[in-house]
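Student: Protein chains in written order, with the working numbering: chain A, 1 to 314; chain B, 1 to 327; chain C, 1 to 275; chain D, 1 to 519; chain E, 1 to 323.
The hints are simulated quantities; they were obtained by calculation from the structure and are not laboratory data.
One should not assume that every hint holds.
Listing some non-contacts, in silico: residues in chain C with all C-beta distances to chain E over 10 angstroms [unchecked claim]: (1) Lys-12; (2) Ile-15; (3) Ile-19; (4) Val-26; (5) Pro-32; (6) Leu-48; (7) Ser-52; (8) Thr-54; (9) Ile-98; (10) Gln-103; (11) Gly-134; (12) Met-166; (13) Ala-172; (14) Ile-175; (15) Pro-194; (16) Ala-241.
Here chain A is said to cover these stretches of chain D; the calculated rule only asks that three of the stretch's residues, wherever they fall, bring their Cβ under 8 angstroms from a Cβ of chain A [said to hold, decoys possible]: (17) 50 to 62; (18) 189 to 203; (19) 234 to 241; (20) 403 to 413; (21) 443 to 449.
All residues carry an ideal CB built from backbone N, CA and C; glycine is no exception.
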Amino acid sequence: MFAYILRRLLMLIPVLFGISVFIFLIMKMIPGDVVSTILGTEATDEARSQLEKQFGLNLPIYQQYLQWMGGVLTGDFGVSLRTGKPILGDIISRFGLTLELTLLSAFISWIIAIPLGIVAALKRNTSTDFGVRIISLLGVSVPNFALATLLLLVLSLAFSYYPPAGYVSLFEEPMKNLQMMVLPAFVLGTAMAGAVMRMTRSSILEVLRQDFIRTIRAKGASERIVIFNHALKNAMIPILTIIGMQIGTLLGGTVIIEQIFSLPGLGQMVLTAINQRDYPVVQGAVLFIATVFVLINLFVDVLYSYLDPRITYK
Amino acid sequence: MAPILQIKDLQIDVKMDEEVLNVVKNINLEIGKREIYGIVGESGSGKSLTSLAIMGLLASPPLQVSKGEIFFEEDKDLLKLSSRELRKIRGNKISMIFQEPMSALDPLFTIEDQLMESLKFHTKLSKKEMKRACVKIIEKVGIPRPEQIMKEYPHQLSGGMRQRIMIAIAMLCNPKLLIADEPTTALDVTIQAQILDLMKELRDDFETSILMITHDLGVIAETCQRVAVMYAGEIVEETDVVSLFHRPKHPYTKGLLKSMVGDRSDALYSIPGKVPSVEQMPKGCRFVTRCPEAMDICEKVSPDDLEVADNHRCKCWLYQKEMANHV
Amino acid sequence: MKEIIARLKKDKVGIVGVIGVGLVLVLGLFGPWLSPHDSTEMYKEHMLEGPSATYWFGTDEFGRDIFSRVVEGARVSLYVGLISVGIGASLGFVFGLIAGFFQNWIDNLIMRIMDILFAFPDILLALTIVAVLGPNLENTMIAIGIVFTPVFTRTVRAAVIAVKEMEFITSAKAIGVKTHKVIFRHVSPNVLAPFIVQSTLALSGAILTEAALSFLGLGIQPPNPSWGAMLNESRQYMEIAPWIAIFPALFIIVTIFCFNLLGDSLRDLLDPKLK
Amino acid sequence: MKKNWMALLMGIVMATLLLSACSNEGSSNEADADGGSGEAATEQVLKIGNDQEPAGLDPHKVPAHSSIRIYEKIYDSLLTFDEDMKVQPELAEKWEQPDETTYVFTLREGVKFHNGREMTAEDVKYSFERIMDEETASIAKSYFDKVESIEVVSPTEIKFTLSEPYAPFLSYVASTNAAIVAKEVVEENGDLNQAAVGTGPFKLDEWLPDNHVKLSKNEDYYKDGQPKLDGITYLTMKDESARLAAIRTGEVHVTTLSSQSIPLAEKSDGVEIKSYQSTEYSYVGFNVNKEPFNDVKVRQAISLAVDRKEVADVVWKGDAVLSGPIPESMGQWAIDVSQEELYQQNIEKAKELLAEAGYEDGFETVISTASTYTDMVDTAQLLQQQLEAIGIKAEIKQLEWGQYIDTWTNGDHDMLVGRNSSGSDPDRSIGFFFSTDGSANVWGFSDEKIDQLAEEGRTTIDPEKRVEIYNEAQKRVIEQTPNLFLVSPEKFFIVRDSVDNYSPTANEPENFNDVVIME
Amino acid sequence: MSETLLKVEALEKFFPVKAGIFKRTKGYVKAVNDVSFEVKAKETLSLVGESGCGKSTLGRSILRILEPTGGKVLFNDKNILDYSKQDLRKMRRDMQLVFQDPYSSLNPRMTVRELVSEPLYTHFSISKMEADQRVDEILEKVGLPLEHSKRYPHQFSGGQRQRISIARALVLKPKLVVADEPVSALDVSIQAQILKLLVDLQEEFDLTYLFISHDLNVVKHISDRVGVMYLGKIMELADTEALYEEPLHPYTKALLSAVPTSDPLVKKERIILKGDVPSPTDPPSGCPFHQRCPLAEEKCQNVLPEFVQVRPKHWVACHLVEQ
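Start from the sequences, fold in the hints, and give me the full structure.
Tutor: Okay, here's the thing in structure tokens:
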């Protein structure tokens, strides 16, 4: 197991290297650059070249890459070209928010989707099943931003409610933080719920067809035990795969929701940085997100073997 | 002696879309105490469905028992019990083992978990007592080092071991009836011999009746006292094992015995054709399409299940000729 | 195929999906003939009017007919969906087939590249690709296509590996069938099922991704409508002129809904285990 | 049992919802109380819903509006503007001009930096030298190209010597980008993006990007009794619907909204709309090096084809006025453009001009615009429609912001919809954008007459003469149409009723020095 | 019945077991371990053994569907392990494989005609008419109605599918057919049909069978000679009658005794073996069977018995069998 984890971590190296090259090149290829976005309509040639020199943009491209990579490898992600803040610290503090949002929305999607999925599976092809599938599909079908806007509108008009402004972290003011996070997490959660529900339904059905379910029934187990002690645990692996992928996707995919709910998360950071061509920020943040994504996948894989003794990694 | 299990006129139907089709019909049999009773038949003959009906484990819908009675210990009609009452009997007084030991155990739980579960449902023993009972039964089914085995997961065991564990689970609560649905089909011959041996031993020790369901006449010859031959959802012949092998009556049984390859004669024999599907069941005798001795009557009217010799029932017009002439 | 159609007939949910997808396709194909107005024509004296006999779904802030825009949007959204999924699916199919069949260094190379793309957050990947290529509909489709490629590659690869284990592949080899024929005649037709299912589901994903990109100001260029862009533009008017939001939203929901129903049904229909 | 399980689940969901419902109870009560009595609230922190994230806080380096609105409260300059855009004393109590090229400023005494140190003439010298230093890459460097030397006469007196007469000098000194900074702070931090120490009414407490900027009261502010607030919190809310919801529920005190949402805000209880005429104007830039826009007739034809009133009505919901290169809010400098011939929509004449230029059947072109700003995208759409009338078929190309700026600088476009800020001196509006060597002349435009007028405007000190020069220059620019000037929009602040003593003006839209928050 | 068609010499197929961070090879599963035998033209040689004994791997290694790791396979006196890919492909015309599972061994997306004609198109440039004719011929031979040739495999029963499989293998008129458990997935009454078909076809086409099975009854019926495999090795090889009537190896004896009788009145003497087959990753030293052998001696634990001819045409690998 240890060797497996180590091997996966080693495999991370080429992938991360690839990502670093890819993001670096792509940032260079995007039209527009940081200097013109900083100077805007005030740009003069000398100001431009001065800034380029300051940012090291006058160097050959490979040197820029090596310089950046050298820093990253020693834990120095550099400073933002716009704010002058150290990037890594910023990434980590914003990652906290994005991670919380991700986990909270995942949690919301589970408490919606898994019970519904079980119900749909048990009542397969009945009107209950169709009803559940329709509800869960609705969540997937509405673009996030529309649902978010609608929620803000309805809550502010009908209940004169707006989540507290000015983000505080969970550790500073837990209640305030939760109030801020519930709505965005709900919007994201409903979008995830459909896929989780679908997977729960089909894998429960799949498990219920297995021989060992018959054995358990033959032992005299009640349906409750069959479903919750056995079927659900066995169905968890494909569900987990979906969840793992969704969590990974959410890490960088909450941009829109962060923006609408004014949350200073990682997505916002990257988006702003892309717009401002703040290269080291984009590069650092994407590399970070990708690393976390790969680690989450690894974690999910390790979790499989914890859930399923048949899966042993060597 | 009173039978432990008595099936009367059991009929099982399958509901497909709009129509209801019959899959098992006119099942009558009695299993005595300490008896090993065999049901033999090819795949699709309805033998497994019959066993599942006894357990109350038919996948319903689409399957349903549409007629008949199953008496357990003389007075309890299993078909009339509530699901709660039935659960109390399942795994306790009647237990069952299945064909595929590979897939019949929950892969995510240890052997201990799966053994204990049964005890939790049916006894009020303390954890310690339960564990002791588990160790005892594992030893009983011939597995060395029970403590170690109990910590393992099914996939860590060989097929033969798993089938032993299945038997251990089935025997845990000292059942009156053990239903064994093709218990050795997936096993190698040497392991099959071990398992059959074990089952006979357990029958003696626990005084359990066994309903042995198999497609293998060899297994029947080795273990059973009485046999029912099933074809296309019906029992076509029912008698003691010696009569069946030496004095078969039904053309299907005869064909089956003849087609046991290798052992008897050098000429390969096979029953022509194939088992009719549920949708295309013949109106009369269900074997008529493959029967070498078929008569006109066979196509039109289904024969009765009659006693043709002592303790020997057969469902064939050949033995009801007078009646056939009357119809 | 006949059998699938026969079974689909019994699947009521699937039929709803097929009909829905059919209607949307009709809308997309014959849209221009159906719509009473030009989708970009501004009727300035009729700005922000509610649904009426002339403007069935009302008008937007420029006085454009929402119905015509929704109909035109169907074409655009479907176009985006089909082309981008087409790009992602074909790339994924080829890569997955190669990677899964050979399972050697090529597999490793392809899969690592896919890992790289996969580890890139979807929206950000699309965003950067569009930013590099320049924002217009074609580039948006390319971007979404690239975003979808890793998923398809993985799906196809997994299916190929499963199929490769089947005896009929060994059988073909034993007969002496050449490798490329084994891939095309024996492997690829048998990985189509998960591939088709993935495609239907990806279609709705593509429509949503286009909507998300519209929110970020990328995607289709105004004044041409896509449902996502319309919905995004409507956000400011949700309160005073809800019809601007409701109709495109309704069409997105129904379309995605039907594609999902269809995908679900296909999944069930094509799954040999459920036969 | 299954039911219990479901019930538990429903319970969790309900509890979560209740939790948010309870809190909304709290905040709505607060909101109700807002308009009530006339008592000053205990917490005097103004919460502003900020539509854009500041791009840095160094006043010498960052020209973005989103940054200026914040650092203008932290820093002061030597001079400032009044409502008529005339320069007034600020850190400099008074100034003299012994000759055309010499300026002597007398500093206000006892003004302290936020770190407690008193501001002196040395700081002023340092600040201007920092701006003029190439290394700084200051955006204001070009403002002071004509400065020959800076001399500290006494701790409270400083003398600037220019190489030649330069009329805009004082307005540039009044610019926020010429803020007076403390030398030791720059040296300690390298630049002023993280540390901000000025002499302004508010001090920087904290800047968390994409979250908030917190300012607190400068107790030692040189103007007595100001500011009245204890602090200002800028909450970043990029999404308009979020800002609307937040101002409606009282979660923020002040915010900005686009014209589209103004009617909604007007309907809401407890808020007031405050508007002012901005110094911005919307325009279409032509690539005058490229066919067909190299022909002035084509540009004039487009000017005649466009209905500017419609732009004001549709894009700005009527809250915008026609504008030339110098918008109306520039007071004395602006001319009345409504009577200009090229501002009268005349399709016939436009077609004639096009035909003269050889484009009888019109032509195809591309209108580029920034996707970030809805008004630009809307303007582009409207123009596209209007130009169809004279046979010009335009395709719209939305550009992401970074790319837009790039396109703008490289002149890589046909027509480009944009919005300009006219700055504080007409030299910027004319010379900066349209003289041949103007820093922001990205259009490749060159006109001798304009060059000459720009030069005159720069060197003529007499204000009345300058007005005349710039009147002529404006007419010439409009006639040559290097840019198509459209409208100058009103800007809106949506303000809770509880905010007292706040009235935005074009020169200082966000002066919160007198603001008090009432119960 | 004298000419040797196939000669296998010291054939080995080891699968590497990989482990560790860099997936180094940590050992081998010796699925086929030093196996030698001959098959004469037109005879049927059967290999029997329990699951995991390596019989299928052996069959596939002979056909080079799995690449053997050592030894020789002489087909018509030429070592096919030396063949280039191209030569090998040509040679496949003469060596065919029939599979156990009639469900997975036929491409579900091809019709019967496509399936059966594929080998023809692969090996000959042949007109469609000619191909159709040959397909029709073989379909008739294997007893499939011609009108079913446009159907897909799933529309057939297991027995019929096995007929399709056989047709596909025989349409090339091969010399050697390796039949890997061709009837074990079928119902008893169908088994006999297929076996009968195989026997008939052998006579008609002069085929040589290498028949792989775990079912001693089936093997007894159709084989000329039988080899018994255990843990990757052949333990005993003899004429069918000799093997069944006078088995020499203790394992063969146990195996035969474990086969259920077909007469309830006959009570056989049972040899019940202890435990399971050991893992081929870690085979026991000495005789691979010694741990379960009721007669094992000390020598058996340490010394690998040689595979020697102890009687005419009767080979055994056991220390306890005297020559």
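Student: Return the numbers of the hints above that this structure violates; sort them in rising order.
Tutor: When the structure is compared with the hints, numbers 12, 13, 14 and 21 turn out to be violated.
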